[in-house]
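Going down the list, the sequences are from chains A and B. The letter at position 137 of the first sequence is residue 485 when you use my numbering, and the numbering goes up by one with no holes. The letter at position 29 of the second sequence is residue 377 when you use my numbering, and the numbering goes up by one with no holes.
Note that these hints are calculated values from the structure, not bench results. Be careful, since some hints might not be right.
Heads up, the list lumps identical chains together, so a pair's fine if it works in one copy or across two of them.
[Stated by the list, open to error] Below, simulated SDA-like cross-link-like pairs (lysine to any residue); rule was C-alpha separation at most 20 Å, straight line:
#1 K636 x G593
#2 K810 x I434
#3 K636 x P566
#4 K474 x Q591
#5 K561 x Q588
#6 K685 x E580
2 protein chains.
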Amino acid sequence: MNTETNILVFLECLKTRFKQNFNSSLVIREQHGRDESSFTVPPPDAVVFAESTQDVVDAVTLCAAHGVPVIPFGVGSSLEGHLLAIHGGVSLDVSRMNQVLAIHAEDLTVTVQPGVTRKALNEAIKHTGLFFPIDPGADASLGGMVATRASGTNAVRYGTMRENVLALEVVTASGEVIRTGTRAKKSSAGYDLTRLMVGSEGTLGVVTEITLKVYPLPEAISAAICSFPSIEAAVRTTIQIIQMGIPIARVELIDANTVRMLNQYAKLSLHEGAMLLMEFHGSPASVKEQAEAVQEISTEHGGEAFEWATTPEERTRLWTARHNAYFAGVQSRPGCKVISTDTCVPISRLADCLLESVAQADASGIPYFLVGHVGDGNFHFGYLLDPNNPAERETAEALNHQLVARALALEGTCSGEHGVGLHKMDFLVAETGEGAVNMMRTIKQALDPKNIMNPGKIFSLKT
Amino acid sequence: MNTETNILVFLECLKTRFKQNFNSSLVIREQHGRDESSFTVPPPDAVVFAESTQDVVDAVTLCAAHGVPVIPFGVGSSLEGHLLAIHGGVSLDVSRMNQVLAIHAEDLTVTVQPGVTRKALNEAIKHTGLFFPIDPGADASLGGMVATRASGTNAVRYGTMRENVLALEVVTASGEVIRTGTRAKKSSAGYDLTRLMVGSEGTLGVVTEITLKVYPLPEAISAAICSFPSIEAAVRTTIQIIQMGIPIARVELIDANTVRMLNQYAKLSLHEGAMLLMEFHGSPASVKEQAEAVQEISTEHGGEAFEWATTPEERTRLWTARHNAYFAGVQSRPGCKVISTDTCVPISRLADCLLESVAQADASGIPYFLVGHVGDGNFHFGYLLDPNNPAERETAEALNHQLVARALALEGTCSGEHGVGLHKMDFLVAETGEGAVNMMRTIKQALDPKNIMNPGKIFSLKT
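All chains should be modelled from the sequences, with the hints used to inform the complete structure.
So, in structure tokens, the structure goes:
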């Protein structure tokens, strides 16, 4: 966008096309100009509420004609600044594209619009005996989950969005509609455009339809919590479970301090030690077998106070507690801002990576919560910062840098599931090297020559 | 390459650099100028045997400087003309890059050079109690399996190369070495370059290192064959097994005629009806449970003559028989050429797709064998053609066209696992539409502006 006049002309065009679905009020723009990250930047110039693929095509085409940035928006639950309008432009809100378009129970696939949230999808398919397992905690939109290559608690058994998206409909930067795959379970037909789009954070196009794998609800489900004398004991238990190939569905770590926050936040009375939350899926016999094996391993590492949750209500209570860790952390320090870490390392390196990071965080004096999808080698510190104390932010960012450096040295990644956004651009270069990032830049420039699709995220175009 | 002189100058440069690892004898060139497809084209201008990543860098750099095509070569088992030097150039043979570089048993990962074959990998990790499950039949090189996004008999439980490659080292078209990932089990760090390379058939770079997932050998394995009164009964049994979510490891179909070919080829005495070959992996209790459930479903569909194979020797005999179907087919019509089909459809559409195609093939009078990774909805006709009878080829290609059209109408893909190569370029356009193929072209042109990496495969650059 060149001049002030141009933007006004452009906004007038957009308003003419979208009428009541165009909004440039400050309150709506501000709502679309922030996410769960701790960045503050000016809001987008306008918000368009898309109700169809054609709406997305028209919005992108208008933006392309005027060289204006387009930022796809789902529910705003991303954590790394993905949604922020750092170069101005239009927030393209797809939350009203919230139809489940097809349920093919007989093929274990569904096709949805991008504004459907994971909970809404599970509600819509409940009657079929199927479920969609990917669970990042927040009730994120599935479009957003595609964009960040999300995963969460069930990934240890069911994989991430990488493994569970079969095909996409995408509006490209030139406003063209393409399909990236079919409903076949596997394919060797050409480049894997589906997985190029999964994790591209809105920088290569706008996702308008998603075909996903779904799974039969397990015949039996059993969940348990177990307390450990130390984080190390809990982590070593996890490593052994994974190395033995036990097909556990979820294995989550919460440290003692975070358990304390949770007890306070949700009026619970969990034992205040390092804790594993686990869940087993399968036939009744297989669940029993898994649970017995895991209980044995846990006991060897000093695990005690096993508590079983077999009814759906008990399990919901358990996982709600887990998902409340973020809010419990925030409430433990009123007014704080959170910086989340997201490293993921090979399972054998988990203890090394985690324990050293805990020691450093403890030494820093910065309050934090600690949770982990430890079955995948992925964990999150949430550093709880006083926004009026720049020294704290500096300390937290230094801790995060050291943690990422440690994870990379242990052959891990800077981001297990949150994505790069604005926050991890330097980490990405440290992880992959300039060569791979240059390849990403080349692809971006080829597919979005005007650089209008969520510009300035994942990497800087300047080398 | 512009003139005859240029190619001579270029070959001299290549020879100077690679000495005894350069070969331009006709016999070696011809060996590298054919694959298992039925195409015949002139061989490459020369063959270079790479022994290191640096060799690949130097070969690609020289080819780039002279604008000469580079065609990566593993063991030559691809089926769709992937390896053919349709624009001349250099066949870059990586079969001597056959080292297993790292075995991280504690993380269930290995890192290998691209010339390691799947059987060699399994031999190398046998002592760790781990195995690599992807089994396309042929003892393909892992580099080639990356290139075609291969899968095979175990994919129903363990996924394909798409799900099992964690990271790659790739030499790009400009001779740069990049790494596409880490050993972390999951990552949201930037574009998924790993999966962009998996299935790119050598058109975007040369793979020089591969990090793969491996799996603990199941505590118990049990295999069975079961005869059915019709193909339909076998297929409906399969559909029900998959829809019930039974975690079967393998479920393969062989039609009655192919069983007859196998009996003759390998001196077996299998019951000559439509047959399912199945394998179950898990704990002893879980294998028993799966096998019982499957036996019940099979019996409901008229399955009989269940034969169990529980010792490794019996299982090897069974799977060797399955993998010999191709050769048994070829031997049943001495001197014939094979055209393989490779459609894959959602499981609920499998009966429709397969039965109609069988009826058409039977009506055509063309001899064929029929095998299928039916648990994934993927099956292969091998039409057995008299190479001296062009009418037969025409009929077979017409059958294949009709089959692909049928699969696409049923929301399937033209290629489940063989790749596009030369043979399925039109099918790819029919499947994805020009929009998606144009996106592939744009990526190819951006990453390989001189069009030297295996040019002319997957799609034509001219639209």
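How the hints compare with the structure:
no.: 1; hint: K636 x G593; in the structure: both (15 Å within a copy, 18 Å between copies)
no.: 2; hint: K810 x I434; in the structure: within (16 Å within a copy, 38 Å between copies)
no.: 3; hint: K636 x P566; in the structure: both (13 Å within a copy, 18 Å between copies)
no.: 4; hint: K474 x Q591; in the structure: between (33 Å within a copy, 16 Å between copies)
no.: 5; hint: K561 x Q588; in the structure: between (29 Å within a copy, 17 Å between copies)
no.: 6; hint: K685 x E580; in the structure: neither (28 Å within a copy, 61 Å between copies)
Checked against the numbered hints above, the structure breaks only hint 6 and satisfies the rest.
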